[in-house]
Amino acid sequence: MKETWVEIGQLEDIPKLGSRIVTTDDGNIAVFRTANDQVFALKDRCPHKGGHLSQGIVSGELVACPLHNWKIDLKTGEATAPDKGCTRRYEVKCENGRLWLAL
Amino acid sequence: MREQLVCIGNGMAGIRTIEELLKIDPDKYDITVFGAEPHVNYNRILLSPVLAGEKKFEDIVLNSEEWYEKNHITLYKGHHVTEVHRLKQTITTDQGVVKPYDRVLFATGSNAFIIPVPGHHLQGVVGFRDIKDVETMLSKAQTGKHAIVIGGGLLGLEAANGLSKQGMEVTVVHVLDTLMERQLDKTAAKFLKKALEERGLKFLMSAQTEAILGTEKVTGIRFKDGNEIPADLVVMAVGIRPNIELAKKARIHCEKGIVVNDTMQTFDPKIYAVGECVQHRNALYGLVAPLFEQAKVCANHLAGLGYSIYQGSVVSTKLKVTGIDVFSAGDFLGNNQTEEIIFQDPGAGIYKKLVIQDNQIKGAVLYGDTVDSTWYFELMRDNTDISAMRDKMLFGQAHLGDAGHGESRVALMSDDTEVCGCNGVTKGHIVKAIIEKKLFTLEEVKLHTKASSSCGSCTGLVEQILASVVGDYSTAPKHKPICSCTDASHDEIRETIKKDHLTSIAQVMERLRWKTPNGCSSCRPALNYYLISTHPNEAKDDYQSRFINERVHANIQKNGTFSVVPRMWGGITTPNELRAIADVSDKYQVPTVKVTGGQRIDLFGIKKEDLPNIWADLNKAGLVSGHAYGKALRTVKTCVGSEWCRFGTQDSTQMGMDLEKMTWGSWTPHKFKMAVSGCPRNCAEATIKDFGVVGVDSGWELHIGGNGGIKVRVTDLLCKVKSREEVLEYAGAFMQLYREEAHYLERTAPWIERVGFEYVKNILLNDEKQRKELNERFLASQKISQIDPWEERVNGVDAHEFKPLANLSEVIA
Ligand code: SRM
Ligand SMILES: Cc1cc2nc3c(=O)[nH]c(=O)nc-3n(C[C@H](O)[C@H](O)[C@H](O)COP(=O)(O)OP(=O)(O)OC[C@H]3O[C@@H](n4cnc5c(N)ncnc54)[C@H](O)[C@@H]3O)c2cc1C
Ligand code: SF4
Ligand code: FES
Numbered sequence: 001m002k003e004t005w006v007e008i009g010q011l012e013d014i015p016k017l018g019s020r021i022v023t024t025d026d027g028n029i030a031v032f033r034t035a036n037d038q039v040f041a042l043k044d045r046c047p048h049k050g051g052h053l054s055q056g057i058v059s060g061e062l063v064a065c066p067l068h069n070w071k072i073d074l075k076t077g078e079a080t081a082p083d084k085g086c087t088r089r090y091e092v093k094c095e096n097g098r099l100w101l102a103l
Numbered sequence: 104m105r106e107q108l109v110c111i112g113n114g115m116a117g118i119r120t121i122e123e124l125l126k127i128d129p130d131k132y133d134i135t136v137f138g139a140e141p142h143v144n145y146n147r148i149l150l151s152p153v154l155a156g157e158k159k160f161e162d163i164v165l166n167s168e169e170w171y172e173k174n175h176i177t178l179y180k181g182h183h184v185t186e187v188h189r190l191k192q193t194i195t196t197d198q199g200v201v202k203p204y205d206r207v208l209f210a211t212g213s214n215a216f217i218i219p220v221p222g223h224h225l226q227g228v229v230g231f232r233d234i235k236d237v238e239t240m241l242s243k244a245q246t247g248k249h250a251i252v253i254g255g256g257l258l259g260l261e262a263a264n265g266l267s268k269q270g271m272e273v274t275v276v277h278v279l280d281t282l283m284e285r286q287l288d289k290t291a292a293k294f295l296k297k298a299l300e301e302r303g304l305k306f307l308m309s310a311q312t313e314a315i316l317g318t319e320k321v322t323g324i325r326f327k328d329g330n331e332i333p334a335d336l337v338v339m340a341v342g343i344r345p346n347i348e349l350a351k352k353a354r355i356h357c358e359k360g361i362v363v364n365d366t367m368q369t370f371d372p373k374i375y376a377v378g379e380c381v382q383h384r385n386a387l388y389g390l391v392a393p394l395f396e397q398a399k400v401c402a403n404h405l406a407g408l409g410y411s412i413y414q415g416s417v418v419s420t421k422l423k424v425t426g427i428d429v430f431s432a433g434d435f436l437g438n439n440q441t442e443e444i445i446f447q448d449p450g451a452g453i454y455k456k457l458v459i460q461d462n463q464i465k466g467a468v469l470y471g472d473t474v475d476s477t478w479y480f481e482l483m484r485d486n487t488d489i490s491a492m493r494d495k496m497l498f499g500q501a502h503l504g505d506a507g508h509g510e511s512r513v514a515l516m517s518d519d520t521e522v523c524g525c526n527g528v529t530k531g532h533i534v535k536a537i538i539e540k541k542l543f544t545l546e547e548v549k550l551h552t553k554a555s556s557s558c559g560s561c562t563g564l565v566e567q568i569l570a571s572v573v574g575d576y577s578t579a580p581k582h583k584p585i586c587s588c589t590d591a592s593h594d595e596i597r598e599t600i601k602k603d604h605l606t607s608i609a610q611v612m613e614r615l616r617w618k619t620p621n622g623c624s625s626c627r628p629a630l631n632y633y634l635i636s637t638h639p640n641e642a643k644d645d646y647q648s649r650f651i652n653e654r655v656h657a658n659i660q661k662n663g664t665f666s667v668v669p670r671m672w673g674g675i676t677t678p679n680e681l682r683a684i685a686d687v688s689d690k691y692q693v694p695t696v697k698v699t700g701g702q703r704i705d706l707f708g709i710k711k712e713d714l715p716n717i718w719a720d721l722n723k724a725g726l727v728s729g730h731a732y733g734k735a736l737r738t739v740k741t742c743v744g745s746e747w748c749r750f751g752t753q754d755s756t757q758m759g760m761d762l763e764k765m766t767w768g769s770w771t772p773h774k775f776k777m778a779v780s781g782c783p784r785n786c787a788e789a790t791i792k793d794f795g796v797v798g799v800d801s802g803w804e805l806h807i808g809g810n811g812g813i814k815v816r817v818t819d820l821l822c823k824v825k826s827r828e829e830v831l832e833y834a835g836a837f838m839q840l841y842r843e844e845a846h847y848l849e850r851t852a853p854w855i856e857r858v859g860f861e862y863v864k865n866i867l868l869n870d871e872k873q874r875k876e877l878n879e880r881f882l883a884s885q886k887i888s889q890i891d892p893w894e895e896r897v898n899g900v901d902a903h904e905f906k907p908l909a910n911l912s913e914v915i916a
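Residue numbers (my numbering), protein chains in the order written: chain R, 1 to 103; chain S, 104 to 916.
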């Protein structure tokens, strides 16, 4: 399947160390912004019990799930040890302050 | 060019300081170490097992040649530093090496004291201090038969035990009539002597040595009473003397040891000192645990950080004679101000004594069963109030019971219990390392945590922890450093924020050298709390460092929806409010409306984007946020009280409302709950609340530190007051004290157990001025806190939070 890049907004729309969601027919996608303005996108479902990762606390390149504090790696979608599990990741890029998501 | 750091002494304290320094600032100095012994740094504590044949020298090396090389440390082995020239800033060794310095670290340790009786210089008379002494003893044990150990203290007994294991006939000569009198009381000493006699040691008590006999080699000793006994080896283990000759020669101020301040600095600011050669606040230490604490502080200052101070240590001792368990700590003899609780079972060889003053443990001696030693030591060091458990204490921690959880003893140990006293490794650390690094053997745990890598007396405990953890991944440890992002503890962070007037998370992380770029979900909320509670007018609340509930002012549910709980002041509501709640429930099709355990109504299953709309409707009816999500004032539960109830003595409902109006909106370390009952029947359950008020005929009883949650705790009665104003003043003062001093996420119950009820009572009751000031500080910070967060958001604050960034549903479809 060919991916399409869709513009979703501005980098400035997401607070540093924060996250916003993008709704799709296939469920929500959480888009994260780190302290040094890297962006990442993950399916907004924790591999543990489906917690909304967009509501977690972001630090470094990790997000802590708000329900039971699993730490999910923003780069890969993998839970960090000792927990095991993985959530789907999406390509996202920032060009001239505008954010694009690959679907 | 880098600065030059010269360390004099290649022993345990000096090298530990360098290790600590390398951890925090590896590049600041070129480091040169001079050691008089021709070896790398080894674990002096383990000389006893080497003598007993249980270990070899290779086993006790702490830092190999490669370690020095890898860290670019120049080591001069077998060099005795003979001069420190403070004007020229150079040091000179007996082999002619001259080295300039910017900073010097004295870590010269101490020497074994040799009693200057006639014959003390004969061949075969040794101290027990270094590997050379041990080698001498081992070679004598090959040929000789009789050994005499002068000194019945810790070192003497370990030497005697070792020599006896090497096949010698050993007599221990002691001037007093009790062994280890500096650590044991008479009863424990008797138990010990009996056990050692059963192992074949002989004792001559109250015996004074007059002379050591022999012409070239030792042949025996003679006592003051004329008695003589034969000997091929005499070990003097009568004490140590701090090695301060060099410092004195350099005219650095010394008394019994090299005098240092709380930053381990001598009177010459370029010169630091650590270890046994040091005298700090008039105390000298001869055990590694305090020396390692000194090392940490000293490294902090050598690195130029300057925030940690050494305030002296409480020490405990264990005897390292395999198979004999002895533990002693603190003031184990007691005095006329203290009481003792004692358990004694001569048949089983068990003796335990705790010395108690003002309901705190001041000292302990344990013989035969030392399983609870860490627990007692922790209670003693933390000055915990033990009144509630004192009748069961001697049976051990396992007997205290824990509401039917039925865990094993190590599982019962709190995560911040220190397991390895030498290296300050807590259970939390060990558990965390086992889990995170997937460790399975004792060796691995040692490698990753340093636990049990010094004196080894905690080995058994570490093994038990290992056994209890492997296979169980469910614990969420609470450690002494607030999380693994830092070495700093709650108290250190707080102190630093206050002392250095830090006002942002970034500043704290930089000052205390955080190891991660932006901390984690444990430390950031804590830092945010400490900042805003310390500098309420200056520190800016950091939104991204709050848990989701506090960010969006509602509680997240398992399916990602939220719950909404409006405040009902003192549990009172009106038809109008109920109508508004009913109306929003209809309008937004709220799936569940529930009466909470806190006397108000909870609306469940609200979609995040609906929150501001619901709040707007509720606001219109005068309803505001109930902070059911916050580390903040929650509810003030009330009963009917004197207005309606036939037993009521006071208007508890009004008092509840007054309290809630005064305290709502305040941020606290953990949630804070209150209740007011109108009479001692206590229908509002005030005695399991953080602050409970019970009306009585003559006024109000104030109760503090209750908890009805995970571990139930009944309040302590603080005092009785007459007026409404007094109730409010005490409530404000108590909340403020809690807010300023408790650790983040510590409810009032565990806080009071940690600091002691007496402590809190003294401040609130006996010091009117302080109480009034606390209350004033509370009221001052309330001025900027009592803004309804819902109303703010209805008016547009954090609007992004409640809207998706983009809606692609239709686009793709
Ligand atoms: C709604 C309520 C249950 C109910 O339906 O009655 C409730 C619900 C929750 N309680 Fe509670 N507690 C509720 C009254 C209590 C009480 C009773 C009381 O306050 O009189 C207690 C025991 C009293 C006490 O706190 O000492 C109580 C002890 C706890 C604890 C254990 C606290 C402890 O110190 O041991 C937790 C866990 C925690 O805070 O870490 C907790 C945590 C929670 C959380 C916040 C769990 C969570 O993190 O999601 C629940 C949120 C549900 C939600 O979305 O609203 N809840 N909780 C009650 C809300 C009262 C209110 O109006 O605000
Ligand atoms: C047999 C034995 C058993 C012990 N058991 C325990 C125990 O169970 N628990 C416990 O906590 N403690 C125990 N201790 C005490 C512990 O070993 C010491 O407290 C600790 O080693 C002191 O460290 P330090 O660095 O101050 O001194 P040291 O480790 O003695 O190091 C000082 C070093 O400086 C060198 N030096 C001195 N002057 C000069 C100079 N001018 N130039 C160059 N080098 C110099 C010395 O040669 C020595 O190597 C025991 C000690 C002994 C001897
Ligand atoms: S007791 Fe409290 S935390 Fe537990 S399920 Fe009920 S509401 Fe949730
Ligand atoms: S659902 Fe994310 S940690 Fe449980």
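Hints listed in this document are in silico derivations from the structure and should not be mistaken for laboratory results. All figures in this text were calculated on a predicted structure; none of them were measured in a lab. Glycine included, each C-beta is placed from N, C-alpha and C at the ideal position. Hints are supplied without guarantee of correctness; some may be wrong.
[Unchecked claim] The list that follows gives simulated cross-link-like pairs (lysine to aspartate or glutamate, EDC-like), each with its CA atoms no further than 20 Å apart: (1) K661(S) to E3(R); (2) K906(S) to E7(R); (3) K906(S) to D13(R); (4) K16(R) to E876(S); (5) K540(S) to D13(R); (6) K43(R) to E712(S); (7) K16(R) to E828(S); (8) K906(S) to D25(R); (9) K16(R) to D472(S).
[Stated by the list, open to error] A short list of chain R residues far from chain S (calculated; beta carbon distances all over 12 Å): (10) S54; (11) A64; (12) E95.
Evaluated hints:
Of the pairs offered as hints, the one joining K661(S) and E3(R) is violated, with about 32 Å between alpha carbons and a cut-off of 20 Å exceeded. A hinted pair counts as satisfied when its Cα atoms are at most 20 Å apart, and K906(S) with E7(R) qualifies at roughly 17 Å. Proximity of K906(S) to D13(R) is assessed by CA-CA distance (about 11 Å); at most 20 Å being required, the pair is judged to hold. A hinted pair counts as satisfied when its Cα atoms are at most 20 Å apart, and K16(R) with E876(S) does not qualify at roughly 39 Å.
As the CA atoms of K540(S) and D13(R) are separated by approximately 38 Å, the hinted pair breaks the 20 Å bound. For the given pair, K43(R) sits about 19 Å from E712(S) by alpha-carbon distance, which is consistent with the 20 Å threshold. Pair hint K16(R) plus E828(S) does not hold up; C-alpha atoms about 45 Å apart against a cutoff of 20 Å. Our distance criterion of 20 Å between C-alpha atoms is met by K906(S) and D25(R), whose separation comes to about 17 Å.
This hinted pair does not check out: K16(R) and D472(S) have alpha carbons roughly 56 Å apart, beyond 20 Å. For S54(R), the condition that its CB be more than 12 Å from all CB atoms of chain S is violated, with the nearest at approximately 9 Å. The claim that A64(R) lies off the interface is violated: its Cβ sits roughly 4 Å from the closest Cβ of chain S, which falls inside the 12 Å cut-off. Separation of E95(R) from chain S is adequate, the least Cβ-Cβ distance of about 16 Å exceeding the 12 Å criterion.
Going down the numbered hints, you'll see the structure goes against 1, 4, 5, 7, 9, 10 and 11, while the others check out.
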